[in-house]
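These protein sequence lines map, in sequence, to chains A and B.
Each residue of the first sequence is one higher than the one before, starting from 1 at the first, in the numbering used here.
Each residue of the second sequence is one higher than the one before, starting from 1001 at the first, in the numbering used here.
By construction, these hints were calculated from the structure, which means they are not laboratory data.
One thing to keep in mind: the hints can contain errors.
Calculated pairs, SDA-like style, for lysine to any residue (alpha carbon to alpha carbon, straight line, at most 25 Å) [as the list claims (entries may be wrong)]: (1) A:Lys159 / A:Phe147; (2) A:Lys122 / B:Met1095; (3) A:Lys130 / B:Ile1153; (4) A:Lys135 / B:Leu1164; (5) A:Lys122 / B:Ala1163.
Partial list, computed: chain B residues near chain A (C-beta under 7 Å) [claimed, not checked]: (6) Val1068; (7) Val1072; (8) Leu1075; (9) Leu1086; (10) Asn1089.
So these bits of chain B aren't anywhere near chain A, every CB distance computed over 12 Å [what the hints assert, rightly or not]: (11) Thr1007; (12) Glu1117; (13) Leu1141; (14) Gly1212.
All figures in this text were calculated on a predicted structure; none of them were measured in a lab.
Where is the CB? At the ideal position from N, CA and C, for every residue including glycine.
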Amino acid sequence: MSRATWIHASILGAFCLGFGIVLAVTDQQTNDDIKQRILEDKERSLSQVLPTAIHDNSPVTDTIILKDAKGEDVTVYRATKGGQVTGVAYTIVGTGYAGPIRLMLGVDAEGKILGVRVITHKETPGLGDKIQVDKGDWILRFNGLSFANTPLEKWKVKKDGGQFDQFSGATITPRGVVGAIREGLHFFDAQKSKMLEAG
Amino acid sequence: MATPYKTIIKDGLWENNGVIAMLLGMCPTMAVTTSATNGLGLGIATALVMAASSLLVALFRNTITQEVRIPVFILIIASMTTLVDLCMNAWMHEMYKVLGLFIPLIVSNCLPLARLEAFAAKEPVGRSFVDGLFMGIGFTLALVVIGAIRELIGNGTIFADAALLLGPAFHFMELRLLPADTGVLLAILPPGGFLVTGLVLVAKRMIDLAAGKEIRMAGAHSV
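Just chain B, same shape as in the assembly:
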């Protein structure tokens, strides 16, 4: 039975969110979320790679045998990441200068692999594409939220340098909410990543509890 699109989208964005429900992709999450802009950048690049690899795996799902599926999945993710890296470097160079460092990190993110294994290897092409895309968007949202909190506490700003990433038209996003030099630096340093991510996880569970939902341990396989 194919999963309805509405469930796929809701799972990706909230119920089974890669970061705040499944706790996958913690390495890039901690490393990149020193600002909301960085989080947004890596999120977009990851969503692109996830959508493309889910589509490809679903397309070839009947050809790829059980025994070699993991190396093939990793091959596909790595190829898509390299494609995004090369194309961005050549044709979106300004964005690449900001994001370039983070793009290779996508391969080390276990979220794309988990989604290929749990979803794209079994479901039809359209649904897999939507799953990859919305899991990626959910990942982006989580990164932006964690990044925004860390940046606000640590630096007093939100979306600083967004114009460097998205173009001059996005200067309006760059907000300074607290005066300069009042930031608590800890939030931007590595411990802040753990603290803020933990608090965001608590917040997600409290919202779920308030909505009367049962809290269960979510895993990559509980689609």
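One chain only, chain A, in its complex shape:
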């Protein structure tokens, strides 16, 4: 190789090394803070579906891993009071208009919904995003519902013969959310004994 090639290669290599070190140091400096922030985010979203009144533990660290109907692992966060499991929360996924909608579902020991919140979605701004609690109160209508007080055939949007309103101009998004919650409750029924086991 010619001398010039060596020079260019060493310049490029030196820059790569230099910026690599800078990034490694920054990553190390920010790593703990970022982990802490992610934990705080999770705690905040869990506290919306697992009211602080029903637990004296920290659900974000009290987790068990169970398999759902499709055989995939689901992390279940458990709220306990005096050693008794009072509620559980887990992520459910629905199919929206523009990709998956991830939600956090909180259920009490009787299978009644404590709350549902959207974690991430890619629905159309102004239409489908009304499922977010900061854009509309639609998602709050699920609070207190269960298979016991709402028959299974009613767990659909009105257009499909169920009892849940769709939004004007958006049916697919609410359909995806209602479907995901329905599946989530099935998951609770199937795994109830494991979820509520003490300790």
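Given chain A, work out where chain B should sit, using these hints.
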């Protein structure tokens, strides 16, 4: 001959604006401008990255050889973007939750690379920093204007959720100018991005014509 600061600033904000004159960075422009707040957020992050990378490239401009300049420039932009991403995630987490998605897009924006090649690789450190910063601010302005128009037509609001990005003190920026549910959704969907950006380009040229300026094709190299 070094370019005067006044020309650098005017070029960045209007004459040679990255979006509305050079038509660079169209990908993030179209993707992000569904609201004025989103545009502002990505704009600020881009301006930070551009100012930092212009400064660094100008600093090392005599060391970086012609043959390897492009990979080195991209390396610098990518490093700065990652730095901003990490620091924001750790210490400005509320803003990161709104902006986080867009920050990696900065690397795919050809505007920073164009400015490094056309300006920072040749000019002194101070001028390069100002060029990067004001090109970034010009980019921000264009994004905010396009975002505000799309948001107003599509949703009837301007700067909705600005408080999420900038903090509770900025609630006053959130305006609802048209009643809810009167919006033309098309403006927020991808076609609206093309339509509104096109109209903003026309408006820029009409203003220039009215001011008696000659309309010429601007490019990244016509500093």
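Evaluation of the provided hints:
Distance hint between A:Lys159 and A:Phe147 is fulfilled; the C-alpha atoms sit about 20 Å from each other, no more than 25 Å. Between A:Lys122 and B:Met1095 the alpha-carbon distance is near 19 Å, which keeps this suggested pair within the 25 Å criterion. At most 25 Å may separate the alpha-carbon atoms for a hinted pair to count; A:Lys130 and B:Ile1153 meet this at roughly 18 Å. For the hint linking A:Lys135 to B:Leu1164, the alpha-carbon distance of about 13 Å falls within 25 Å, and the restraint holds.
A hinted pair counts as satisfied when its Cα atoms are at most 25 Å apart, and A:Lys122 with B:Ala1163 qualifies at roughly 21 Å. Given the 7 Å rule on beta carbons, the hint for B:Val1068 holds: about 4 Å separates it from the nearest Cβ of chain A. At about 5 Å, the closest approach between the beta carbon of B:Val1072 and any beta carbon in chain A falls short of 7 Å, and the interface hint on this residue holds. Here the hint on B:Leu1075 is kept, as its CB sits about 6 Å from the closest CB of chain A, short of 7 Å.
Because the beta carbon of B:Leu1086 sits about 5 Å from the nearest beta carbon in chain A, less than 7 Å, this interface hint is met. Among the interface hints, the one on B:Asn1089 holds; its C-beta lies about 5 Å from the nearest C-beta in chain A, closer than the 7 Å criterion. At roughly 30 Å, the least C-beta separation between B:Thr1007 and chain A is larger than 12 Å, which holds for a residue marked as non-interface. Against chain A, the non-interface label of B:Glu1117 holds: every CB pair exceeds 12 Å, the least being about 16 Å.
Distance check on B:Leu1141: its Cβ is at least 22 Å (rounded) from any Cβ of chain A, clearing the 12 Å threshold; non-interface status holds. Listed as outside the interface, B:Gly1212 is consistent with that label: its C-beta sits roughly 40 Å from the nearest C-beta of chain A, beyond the 12 Å cut-off.
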